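With the hints as extra help, turn the sequences into a complete structure.
Protein chains in written order, with the numbering used here: chain F, 1 to 178; chain U, 1001 to 1329; chain L, 2001 to 2100.
Just so you know, not all the hints are guaranteed correct.
[What the hints assert, rightly or not] Distance condition first, Cα-Cα at most 20 Å in a straight line; then the derived SDA-like pairs of lysine to any residue:
1) LYS1128/U <-> VAL1057/U
2) LYS2099/L <-> THR2086/L
3) LYS85/F <-> ASN2091/L
4) LYS1059/U <-> GLU80/F
5) LYS85/F <-> VAL2092/L
6) LYS1017/U <-> LEU1294/U
7) LYS1059/U <-> ILE1071/U
8) LYS1128/U <-> GLY79/F
9) LYS2099/L <-> ALA2082/L
10) LYS128/F <-> LEU1156/U
[What the hints assert, rightly or not] Label-pair ranges, simulated between beta-carbon atoms:
11) SER2057/L <-> PHE1193/U: 33 to 41 Å
12) ASN2096/L <-> ALA1326/U: 52 to 60 Å
13) LYS2099/L <-> ARG88/F: 22 to 30 Å
14) ALA1326/U <-> VAL6/F: 38 to 46 Å
15) LEU1005/U <-> ARG88/F: 46 to 54 Å
16) LYS2099/L <-> THR1293/U: 52 to 60 Å
17) ASP1169/U <-> VAL99/F: 51 to 59 Å
18) LEU4/F <-> PHE1193/U: 19 to 27 Å
19) LEU1286/U <-> VAL19/F: 47 to 55 Å
20) ALA1329/U <-> VAL147/F: 25 to 33 Å
21) ILE151/F <-> ASN1126/U: 34 to 42 Å
22) TYR1010/U <-> LEU12/F: 36 to 44 Å
23) VAL157/F <-> PHE1193/U: 23 to 31 Å
24) ASP1169/U <-> PHE135/F: 22 to 30 Å
[Said to hold, decoys possible] Negatives, chain U to chain F, calculated, CB over 12 Å:
25) LEU1004
26) ARG1016
27) HIS1021
28) PRO1054
29) PHE1058
30) SER1078
31) PHE1192
32) LEU1286
33) GLY1292
34) PHE1297
If you're looking for bench data, these hints aren't it; they were derived computationally from the structure. These numbers were taken from a predicted model, which means no experiment stands behind them. We treat Cβ as the ideally placed atom computed from N, Cα and C, and that holds for glycine.
Read off the chains here:
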Amino acid sequence: MLHLLVFSVFGLVCVAGAVNLLVQRHPINSALSLVVVMGSLAVEYLLLGAEFVAAVQVIVYAGAIMVLFVFVIMLLNAGEEDRTKGSRVAMLFGIPGVVIGSVLVAWVLVGHSGTGNVAVGALPGPPKVIGWLLFHDFLLPFEVTSVLVLIAIMGAVVLASHPGSVQQTSAQADKREG
Amino acid sequence: MAILLTAVAYTVWLERKVVGHIQNRWGPTRVGPFGLLQPLADGVKFIFKEDLIPPHVFKPLYIAAPMIALIFALTSISVIPIGNWITVFGIHTPLEITDVNIGLLIVLGITSLGVYGVALAGWSSNSKYSLLGGLRASAQMVSYEISLGLSLVGVLILAGSFSLRDIVDAQGGTFWGFIPRWNIFQGQIVAFFIYLMAAYAETNRVPFDLPEAETELVAGYHTEYSAMKFAMFFMAEYANMITVACLATLLFLGGWHGPHRFGPPFVQAILPVFWFVVKVFAFLFLYIWVRGTLPRFRYDQLMAFGWKFLLPLAIANLVITALIVALRA
Amino acid sequence: MVPLSYYLVLSGILFACGVTGFLIKRNIITIFMSIELMLNGVNLSFVAFAAQWHALSGQVFVFFVMVVAAAESAVGLAIIIAVYRTRETLNVDRVNLLKL
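Here is the structure:
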C-alpha cells in the first residue's frame, strides 16, 4: 500500500515535471523541471531496488548533464520562445496524435495483467554485483563506451572553441618546436 | 540539525579568530568572553537587516537559489556516522541518522546538486558580475568534482563497500601496536592530498575562491543578495565545509577510532564521538589556516590545475592502488 | 506490490511527453531536453523489466544509455554553441538556409 502511494506520488511529480517542460516558454524553466523529473525518477529506481543506478542518475544525469544544459542556457542567454507557423501546425497535429497513441498503449498495457507485480526493492543492485557484470559480461561495451566518451570530449572541445583558436595553439606549438 | 547549525555558527567564529591571529590582530573580542557570542550578534544583525530584492531579478529563482544551496548543504550530513554503536537506555543505536549501503555516493550526489544553487543565483540576479561569478563558480565546482570522486575510489578499493560505517570499521586496529590503521597511513596520502585540494575548490574557499572574493567581480554570484538570503549562502558554505571535513575524517583519518578506551562505561560510549570531533576540528583548523595564509589562484590557473594536474594524479593514484590491492590478494 | 504495467505506463507517458516536446518546441535547447526526457523514460522501463525478470543486465544497460546520453549532450551542446555563433538565433525555424 505504501509502495503504491510512494510510486504514485513520485510518478505524478515525474509527469508534472514533463508536462511543465512542454508548457514553459523559457528554456531555463524547462531545464529545472527536467531536473525535477530526473530526481523523482531516481526515487522510482530506489523503489525498484536499483540503488546504484539511482545514485548514478543523480550524480551523472541530474548533477552533471543538466548542469551542462543550464550552463549553455545561461551562456547563450536564451530568451523566451516565439510561436511560428510551423510550431502552431505541429501543435495542432502533434499533441492529439501523441495523446491518442499513448492512451492506446497505456490501455493495452494495463488491460493485459499478465505481466505481473513488482515488489519493493525487487531486484537489489548493489554496486559490487553491477561492477562485476560491467567488467566481466559487459566488458566490450564498457571499453567501447569509454572510447566514445573520449571522442565526444575531443569533439566538444573542438566544436565549442572560438574559431581559429585551435589552429592558433597548434601554430604556437609549431613555432616553439621549429 | 540544531547541532549542525550551531557548529556552522561557531565555525564562523573560529575562522574569524584564527584568521585574525594569523594576520596579527585579535579577531572578535568585544561580544562575550573571547568574542564567543559574536555569531549570535551576527545572526541578530542578519535577521534585522533590510531584505532588499532588486527590481530586475528573476524573482522565483532569486528567492529559491539560496534555499536550494542551504537545503543540499544540510542534507548531506544525514548519512555521516559520528560514532560507534551505543546502547542508550537499552536501545542499541548507531550514531547517525541513517546508514545506507551507498552512503558515499549519496554525499557525492548531493554535492553535485549543490552546484545548482550557485549557478541559479548567478543567473537570476540578472547582472553581469553575478552571471560571470556564477558561471565561473559552477564550472570550477563541476571540474573538481571529478578529482574528488576519483580520489575517493582508492579508499573504496581498500574498504570494499560504499557504506561510510563499513569504511570506518575497516580502519580499526593498529600497525605494530601504535601507528593507527588509518587510510592515510595505508598508502592513501596522495589521495588525501587530492581530496584536500578538490575540497577547497568544491567549497569555493581560498586558494580557489575567485568566484566569490570581494576584490574580484564585486562579490561574484552573491552580489545582489542581502540579509537573510546572503546569510543562507554563508551558512551553506560553512555547512559544506563541515561536511567535507567530516567526510575526510571518516575516509582518511579513521573516523571515530582513537587510542585505547579508558574511563567508566559512560565515558567509553562517548569517547568515539570525542575523537571524531577532535579530528574534524583539526581538519577545519587546517582549512582556516590555509585561508589565512595563501593568496588566491587566477581562474585559468585554477582550471589548469584541476584538469591538467589533479585529474591525472587522481587517475594514477587509482591505478596504483588497484594494482597493489590486486597483487596482494 | 505495484503492477509492472504501472511502471511501463509511466515510462510511456514520459516518452510521449518527450516526443511531443521534440515536435512542438522551436528552441533547439528545449528540443535537446526532450530527447533527454525520452531517454529517461526508456531507462525507467529497462529497470522495471530488470526487476521483474531478475536480470541485472537491465540495470547495467541503463549505464550505457546514460553514458551515451552524456556524450551526445556534450557534442550536441557544442554544436548548438557553434550554430549560435554563426546564426545568432536558437530558433530552429530560422536555421533553414544552408548558406547565410
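Do the hints match the structure? See the list:
1. LYS1128/U <-> VAL1057/U: With a Cα-Cα distance of about 12 Å, the restraint between LYS1128/U and VAL1057/U holds, given a limit of 20 Å.
2. LYS2099/L <-> THR2086/L: holds (11 Å)
3. LYS85/F <-> ASN2091/L: Given that 20 Å is the threshold and the Cα spacing comes to 12 Å, the pair holds.
4. LYS1059/U <-> GLU80/F: holds (16 Å)
5. LYS85/F <-> VAL2092/L: Holds - the C-alpha atoms of VAL2092/L and LYS85/F are around 12 Å apart, at most 20 Å.
6. LYS1017/U <-> LEU1294/U: holds (17 Å)
7. LYS1059/U <-> ILE1071/U: With a Cα-Cα distance of about 19 Å, the restraint between LYS1059/U and ILE1071/U holds, given a limit of 20 Å.
8. LYS1128/U <-> GLY79/F: holds (16 Å)
9. LYS2099/L <-> ALA2082/L: holds (15 Å)
10. LYS128/F <-> LEU1156/U: Given pair LYS128/F, LEU1156/U holds - Cα atoms ~11 Å apart, limit 20 Å.
11. SER2057/L <-> PHE1193/U: 33 to 41 Å: Because 39 Å falls inside the window, the suggested range holds.
12. ASN2096/L <-> ALA1326/U: 52 to 60 Å: Between ASN2096/L and ALA1326/U, where Cβ atoms are some 57 Å apart, the hint holds.
13. LYS2099/L <-> ARG88/F: 22 to 30 Å: Since the Cβ atoms of LYS2099/L and ARG88/F sit about 28 Å apart, the hinted range of 22 to 30 Å holds.
14. ALA1326/U <-> VAL6/F: 38 to 46 Å: holds (41 Å)
15. LEU1005/U <-> ARG88/F: 46 to 54 Å: Hint holds: Cβ distance 52 Å, inside 46 to 54 Å.
16. LYS2099/L <-> THR1293/U: 52 to 60 Å: Given a distance of about 58 Å, which is inside 52 to 60 Å, the answer is holds.
17. ASP1169/U <-> VAL99/F: 51 to 59 Å: holds (54 Å)
18. LEU4/F <-> PHE1193/U: 19 to 27 Å: violated (49 Å)
19. LEU1286/U <-> VAL19/F: 47 to 55 Å: holds (49 Å)
20. ALA1329/U <-> VAL147/F: 25 to 33 Å: Given range 25 to 33 Å: holds, Cβ gap about 29 Å.
21. ILE151/F <-> ASN1126/U: 34 to 42 Å: holds (38 Å)
22. TYR1010/U <-> LEU12/F: 36 to 44 Å: Holds - the Cβ-Cβ distance for TYR1010/U and LEU12/F, about 42 Å, lies within 36 to 44 Å.
23. VAL157/F <-> PHE1193/U: 23 to 31 Å: With Cβ atoms ~28 Å apart, the hint holds.
24. ASP1169/U <-> PHE135/F: 22 to 30 Å: holds (26 Å)
25. LEU1004: The claim stands: LEU1004/U keeps its Cβ more than 12 Å from every Cβ of chain F (closest is about 22 Å).
26. ARG1016: It holds; ARG1016/U is separated from chain F by about 32 Å at its closest Cβ, greater than 12 Å.
27. HIS1021: holds (38 Å)
28. PRO1054: Since the minimum Cβ distance to chain F is about 18 Å, PRO1054/U lies beyond 12 Å and the statement holds.
29. PHE1058: violated (8 Å)
30. SER1078: holds (15 Å)
31. PHE1192: Since the minimum Cβ distance to chain F is about 22 Å, PHE1192/U lies beyond 12 Å and the statement holds.
32. LEU1286: It holds; LEU1286/U is separated from chain F by about 27 Å at its closest Cβ, greater than 12 Å.
33. GLY1292: Check passes; 32 Å lies beyond 12 Å.
34. PHE1297: holds (21 Å)
The earlier numbered hints that this structure contradicts are 18 and 29.
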